[in-house]
Amino acid sequence: MVEKGRITAPQTEFIMIPTIIGTAILSIPSIDAKFAGHDMWMTPILGSLIGFLTVYIVWRLHELYPMQTPIEYSERIIGKAAGRVFGLLLTLFYIHNSGIIVREYSSFISTNVMTDTPIIIFSITILFVSALAVRGGLEVIARTAIICTTLFMSSSVVLLLLIKDIKLGYLLPFLENGLLPVMKGTLIHNSWFSEFFLLAFIFPYINNQKNGLKSGLRASLIVMFILLYVNFFVLTAIGTSAANLFYPVYAIIRSITVYNFFENFEVLITASWVLGNFVKISVFLYAASLSLAQLFRFSSYKIIVFPLSVLVFIFSYWDLPNLVVKVNYISTIQPFYLLTIQTIIPLFLLGIALIKRKRSEST
Amino acid sequence: MRRLPQEKGTKGKEAPEKNQSVGVSLSNSLDENVLFFSSLYKDSSDVVFHSFAIGNKKAAVVYIEGLSDLQKLDELVLENLLKMTEIIEKDFIHSLKNTIPISNIKKIDTYSACSDAIANGNPLLLLDGLKEAYSLGIVKYEKRSIEEPSAETGIRGPREGFTESIGVNTSLVRRIIKDPSLKMKPLYVGKYTKTKVVISYIEGLADQNLIQEMENRLNRIDIDGVLESGYIEQFIEDHPFSPFPQVLYTERPDVVSANLLEGRAVLMIDGTPFSLIAPISFFSLFQSQEDYYERFWIGTFIRIIRFIFLGVAIFLPSIYVAITSFHQEMLPINLMLSIASAREGVPFPAIVEAFLMELAFEALREAGLRLPKQIGSAVSIVGALVIGQAAVQAGIVSAPMIIVVSITGIASFLVPRYSIGLSIRLLRFPIIILAGLLGLIGVMLALIVLIIHLSTLRSFDIPYLSPINTLHKNPMQDTFVRFPLWKMNFRPHLTGNIDSVRQGKTIEPQPDKGGD
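Quick mapping for you: the protein sequence lines, in order, are chains U and E. When the letters of the first sequence are read in order and numbered with the numbering used here, they come out as residues 234 to 596. When the letters of the second sequence are read in order and numbered with the numbering used here, they come out as residues 61 to 576.
Note that these hints are calculated values from the structure, not bench results. Among the clues, some could well be false.
Computed list of lysine-lysine pairs in PhoX-like fashion (alpha-carbon distance at most 25 angstroms, straight line) [what the hints assert, rightly or not]:
no. : chain 1 : residue 1 : chain 2 : residue 2
1   : E       : K256      : U       : K443
2   : E       : K118      : E       : K191
3   : U       : K447      : E       : K118
4   : E       : K203      : E       : K251
5   : E       : K203      : E       : K254
6   : E       : K243      : E       : K256
Everything numeric in this text was worked out from a predicted model, so none of it was measured.
Extracted from the complex, chain U is given alone in its bound form:
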């Protein structure tokens, strides 16, 4: 067994929540406002359906092939050659995606917080600390995530200070242009919610296997509520002009002032987002290293973590020259890319596996 650590079901929730929200809170609201406009508040609710579906698919696959990751069971479902091709695809997918997440984080920091420092410094440092955590194994990621996630989540309370400034009028007109804009916004959320497929790399290592599904679904629900909460405040605070900002959440938090003294809450938020993104990058890096190690039958993934993070670093700059290209990628390519690999292909895998199971039972 490549991963020896065991974690508990509640720890899984703590891992998965920032894994979805970490970058979602940075990138989604702006694109969402562009697509869904006044109706952006409801997109997380519809988007989360994909989350629940993905968790369920992963869970069923896990039930059919317990103690195995997608790399292992895909070979058993669709045959050795095809399974390995899928494994390779998945590995490259996670390496590529880790790169994009690192880039999202680094761009945010370098455009908002540390404008004079070269952007690569942030990528290198966050990759280094994530690699440290991944080298410690899943147990260490889980334990670290608990503290990081708690701090990350508790900072979002700050948004409540906006209550006196919100204008509920921004919520109207309801469904102005029909459902299509909402569906477009939902698609963006879908791409993030499909990342729940990462649970496939965590379920085999949970202590109390029975609670896996429940905690996966609960994590999905919590993520939905948080995105709903964030979207609601973005919309009601600045309306659809959020579409013109790269980081609307950061912008609205900047505008908070209480008694003209308690201000600059963006410090808190930035600090907590570093923690959230750290968890997210660690989990992606863990998935990438684990699948690479299993693909090539290594006895441990821990030695390839650092070389792999160099590769991730390269991926984070490859083909993404600037923020505008990145936003374009997120709003046009990413939903289909992420959904295909993390939800649709696994759905087919599950279908084939179930048919196979039925056939072997009937004969």
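Since the structure of chain U is provided, determine the placement of chain E on it from the hints.
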């Protein structure tokens, strides 16, 4: 236990030997035996050989001056022995026990056991024609009396502290926990010092694997001497390179008893008032005995204050450096203006300033610690004057920096356990450097690395950050908050889930409901 016991034999069960006399039996002849011991203890003026005769048999007593009760030796032993007229060689120990009014007489028959008995202060009685010797349990040596523990003072609570004598220490614990399930397993560590180490635990509460693991780790120690509990601590740790203490030390019997009752193992070491407690978690270092003796509101409040100031002690100087050098816009304008005007004439960048002041503060603290008390006050006066006033007036450092350093200093004293305070002092410096390089992001990265490191640590297989990151429910009642004592119904199951019920369920104090 995760670590398998290392195969190294059972050395250490018995005191390690340095001469070849291991297991060699005593000789038949008294002269030969005396000759052996006098050659063993040659050039040792404190070893006394006293020869006499019982009836017609030659006899000798060997002891070390100052370790045995001479009055008892004279009045109880020699007087009665000299009265004996004949000796029944068969089963002599019986007649000895019937003659000498001492409760602890042991028959020993090897040279090594004899020298151990002598070294521990038991006078040795040797007789001609017998292949055995008798150790007489009349140990008496000078020791410090029981005093109030000076390193762990408190307002409320017992005033007794451990002393350097292990017999006194075990008795202090025994006096608190009277149940016979309290066990004290002796071991001897150190080639030359042969220090007695007692593993104490409560049978049925402590995990047997833990005790076994503790024994294995102690048996693995192969050093020449144990001078303080720190020697043992550094040899039984899980992660020797970590700056964090993985074993708790205390000199209070009440703290030891509380930990025994929670299923932990306690090591008591001869020659030091400090006992070691394992396994611990990071949060054990923030529990002080008075949290439990005072009302739970107060205990909870003080504990939260401690955690807040833990953050201050580690991060305040680095956050100050980060904000003044990178993120000036993050402060409210008025505050920023006053800091900027204070820093106007200062020639150093904030990171250098912070480093200088922190170093100076560490130097002051260390100087005050080691000096005799009479000079110590002079150091603090000079330090306060030079650093507090003159440096600011001369424009070398800014006044806000002084405030930051002093708050940090006070914050690091807030932790009830000195050993974690030391780690915090050490960690501050690399974090200041990171803050100077990467600003707030550097501070956050440092925090992440710190959390990763703490998450990797284990103390005797217990995750160091438990119960926070293992999400166990019961020990949570005693981590950030301190639940009322009548609510803490379960033991923190850090050490296996053995006998987890601590007390009855419905014992919430309330007035009698009978009448009105």
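Hint check:
1. For the hint linking E/K256 to U/K443, the alpha-carbon distance of about 49 angstroms lies beyond 25 angstroms, and the restraint is violated.
2. Straight-line distance between C-alpha atoms of E/K118 and E/K191 comes to about 14 angstroms, which keeps the hinted pair within the 25 angstroms bound.
3. For the hint pairing U/K447 with E/K118, the CA-to-CA distance comes to about 85 angstroms; that exceeds 25 angstroms, so the pair is violated.
4. Between E/K203 and E/K251, the direct Cα distance comes to roughly 24 angstroms. Compliance with the 25 angstroms bound is thereby established for this hinted pair.
5. Restraint check for E/K203 and E/K254: the C-alpha separation of about 19 angstroms stays at or below 25 angstroms, so the hint holds.
6. Our distance criterion of 25 angstroms between C-alpha atoms is met by E/K243 and E/K256, whose separation comes to about 15 angstroms.
Comparing the model with each numbered hint stated earlier shows that hints 1, 3 do not hold.
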